[in-house]
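Asks: One-letter residues, chain by chain:
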Amino acid sequence: MVRHPDVKGLSARAEGFVRGVSARFGSGLHSEGVAARLGVWLGVSFTVAFATGLVSHFMQHPPGWLLWPSRPVNLYRVTQGLHVIGGLAAIPLLLAKLWTVYPKLFQWPPFRSAAHAVERALVLVLVGGSLFQLVTGLLNISYAYLWPFSFTTAHYWTAYLVYGALVIHVANEWAKVRAALWTRERVEPDAAARRRFLGTVAAASGLTVLVTVGETYAPLAPLAVLAPRDPRTGPQGIPVNKSALAAGVTGIILDPGYRLTVTGAVRAELSLAYADLVRLPQHTVRLPISCVEGWSADAEWTGIRLRDLLALVGAAPDATVEVESLERGGAYRTSEVRPPHWSDPLTLLALRLNGSPLAPDHGFPLRLIAPDRPGVLQTKWVTKVVVS
Amino acid sequence: MNEPAEPAEPAEPAVVRETAVPSRRGWWRLAAYGAGGVLVAVGLTGLLVDARRTDPLGWALWFGGLVAAHDGVVLPLALAAGALAGAVREPYRFWVRAALGVAAVLSLVALPMVLGIGRRADDPSLLPRDYGRGLLLVLAVIAVAAATAVLTVRLRRRRRGPSSPAASEE
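Chains as they are written, first to last, in UniProt numbering: chain V, 1 to 388; chain D, 1 to 170.
These are calculated hints, taken from the structure and not from any lab test.
One or more of the hints may lead you astray.
As the list claims (entries may be wrong) - Chain V side only, calculated, beta carbon under 10 angstroms to chain D, not exhaustive:
{"#": "1", "residue": "S27"}
{"#": "2", "residue": "L122"}
{"#": "3", "residue": "V125"}
{"#": "4", "residue": "W157"}
{"#": "5", "residue": "F197"}
{"#": "6", "residue": "A246"}
{"#": "7", "residue": "L280"}
What the hints assert, rightly or not - The calculated label-pair distances, taken between Cβ atoms and stated as ranges, are:
{"#": "8", "chain 1": "D", "residue 1": "S107", "chain 2": "V", "residue 2": "R196", "range": "16 to 24 angstroms"}
{"#": "9", "chain 1": "V", "residue 1": "Y274", "chain 2": "D", "residue 2": "A41", "range": "48 to 56 angstroms"}
{"#": "10", "chain 1": "D", "residue 1": "L137", "chain 2": "V", "residue 2": "W68", "range": "35 to 43 angstroms"}
{"#": "11", "chain 1": "D", "residue 1": "L84", "chain 2": "V", "residue 2": "R19", "range": "22 to 30 angstroms"}
{"#": "12", "chain 1": "D", "residue 1": "T152", "chain 2": "V", "residue 2": "N74", "range": "37 to 45 angstroms"}
{"#": "13", "chain 1": "V", "residue 1": "F151", "chain 2": "D", "residue 2": "L84", "range": "31 to 39 angstroms"}
{"#": "14", "chain 1": "D", "residue 1": "R129", "chain 2": "V", "residue 2": "V21", "range": "37 to 45 angstroms"}
{"#": "15", "chain 1": "D", "residue 1": "L57", "chain 2": "V", "residue 2": "Q282", "range": "49 to 57 angstroms"}
{"#": "16", "chain 1": "D", "residue 1": "G86", "chain 2": "V", "residue 2": "E336", "range": "55 to 63 angstroms"}
Claimed, not checked - Covered stretches of chain V (in silico footprint by chain D; criterion: 3 or more residues with CB under 8 angstroms from a CB of chain D, positions within the stretch not fixed):
{"#": "17", "region": "64-75"}
{"#": "18", "region": "83-94"}
{"#": "19", "region": "138-152"}
The beta-carbon is built from N, C-alpha and C at its ideal position, and this holds for glycine as well.
Let's have the full structure, built from the sequences with the hints guiding it.
Replies: Below, the structure is given as structure tokens:
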């Protein structure tokens with residue numbers, strides 16, 4: 001190794017420091033056997049998070065050719081519940097994994113070759129990206145938006161970065177994982193300690209799930225003491241994401257001149273007052289509100305079938321429908337409803353929730369509710385339906 | 001790959017054998033490098049192209065800040081706590097460390113909710129619980145579980161009697 005005279009002393013001191021630190025890790029748990037097992041758990045967990053995250057992204061931003069099914073009713077509820085609760089469960093796994101491999105941070109020389117430098121850079125991407133995804137994800141479901149970026153956009157692109165670095169990392173470490181997991185003839189003096197350590201990590205993950213999963217699985221709601229939502233708490237017993245006040249609609253929703261207009265590619269436009277809506281055939285369905293933040297709550301909705309309304313105006317069977325809110329702005333002022341969803345008899349423009357007229361925060365006078373659909377697309381305070 | 005933690009030198013030959021044989025595994029690895037590289041490139045491109053919404057500087061500060069906070073503060077603190085717990089004698093030491101570790105992780109998860117940063121007056125269904133109380137409850141459960149484990153170990157040792165001092169290592 002070539003060393004310039006002026007950096008020699010510094011380099012020697014750095015080497016001494018790094019070797020000194022790395023010699024201090026006494027625990028036998030900083031081992032490949034532990035790292036390999038935690039790595040497999042994290043690999044599975046990040047794969048589930050990436051796949052369910054992509055489902056959520058492309059449900060909200062579907063390319064033109066992609067028609068999501070409206071059934072099973074609880075599909076999005078399950079994928080997004082897995083994404084968020086699984087993500088929370090991954091926090092103990094990631095922290096334990098980083099603890100296990102921490103001694104590797106102190107290597108001398110820091111880079112043995114160009115390939116080794118690239119490998120370590122990708123590990124940095126993987127570590128930093130994983131911390132970024134889990135920490136911003138946790139803060140986001142806690143509504144603590146402490147960053148200058150758009151969470152959804154940053155979380156989305158960072159996911160590709162992390163998963164790519166993970167795939168490369170797995171390719172690099174696969175031989176070690178195989179050796180650690182499938183080679184039985186090795187003498188393993190630390191097997192009992194390893195099992196206890198991994199058991200503790202699993203317990204931390206399990207406990208995290210136990211005290212949060214009740215925000216989407218109501219029977220466990222009483223245990224969900226650390227969940228940011230309670231599926232039983234909110235106006236009419238259902239949580240709210242955006243209140244009427246936050247949406248700036250408290251005044252206009254009570255306007256007696258309210259009208260629902262159905263327009264666009266229709267035989268004849270329709271303009272209905274609240275009293276007209278109430279007189280149309282009403283249907284009652286049981287559907288969940290499934291939020292992108294992972295919580296969900298079952299409710300009973302009563303209102304007009306969207307397909308009945310579209311039949312009244314003679315919309316084409318392959319029409320796409322845009323539902324618009326009284327909200328003046330906001331990313332979710334409108335939402336698109338494609339044929340599989342609007343032709344589903346469960347899809348309603350609802351007037352009532354759990355037996356009484358919608359509370360202002362739930363979208364009075366009228367809101368969209370459809371099966372297998374992210375909550376942010378269940379447009380509230382609906383005033384216009386545009387057929388195209 | 002290829003930095004076996006402890007015996008750095010002796011493991012080298014295994015690595016050489018691994019890469020020298022153009023096996024099917026070698027092709028799998030190349031395919032994984034390709035796929036992973038594409039995903040990394042897609043992510044980086046997205047972060048840069050969507051700069052108006054991703055705020056690359058803010059993103060980089062969070063990314064770097066989290067690595068620094070974890071590697072420079074959180075993990076050293078965890079190591080220090082583990083070392084302090086080393087004063088407890090086995091077989092109780094494991095349970096003390098396990099309880100401290102689980103309690104620390106659950107506290108981290110609960111922290112943003114306990115601080116209530118996201119509370120909004122117009123939406124009481126957001127963060128509807130008393131999370132300080134919730135966390136204390138969880139910590140109490142962890143403490144009780146660890147205490148039960150320690151007592152069980154102790155009773156078992158006493159039952160075995162003083163004849164087996166080696167029983168300390170399970």
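Asks: State for each hint whether it applies.
Replies: Right, here's what the structure says about each hint:
1. S27: This hint holds: S27 (chain V) lies near chain D, its Cβ roughly 8 angstroms from the closest one there, short of 10 angstroms.
2. L122: Interface hint status for L122 (chain V): holds (8 angstroms vs cutoff 10 angstroms).
3. V125: holds (7 angstroms)
4. W157: holds (4 angstroms)
5. F197: holds (8 angstroms)
6. A246: holds (6 angstroms)
7. L280: Violated: closest Cβ of chain D sits about 30 angstroms from L280 (chain V), beyond 10 angstroms.
8. D:S107 / V:R196: 16 to 24 angstroms: holds (22 angstroms)
9. V:Y274 / D:A41: 48 to 56 angstroms: holds (53 angstroms)
10. D:L137 / V:W68: 35 to 43 angstroms: holds (40 angstroms)
11. D:L84 / V:R19: 22 to 30 angstroms: Given about 24 angstroms between the Cβ atoms, the range holds.
12. D:T152 / V:N74: 37 to 45 angstroms: holds (41 angstroms)
13. V:F151 / D:L84: 31 to 39 angstroms: holds (37 angstroms)
14. D:R129 / V:V21: 37 to 45 angstroms: holds (42 angstroms)
15. D:L57 / V:Q282: 49 to 57 angstroms: Holds, at about 53 angstroms.
16. D:G86 / V:E336: 55 to 63 angstroms: holds (60 angstroms)
17. 64-75: violated (count 0)
18. 83-94: Coverage by chain D holds for the region 83-94 of chain V (3 residues, Cβ < 8 angstroms).
19. 138-152: Since 11 is at least three, the answer is holds.
Taken one by one, the earlier hints fail for this structure at numbers 7, 17, listed in ascending order.
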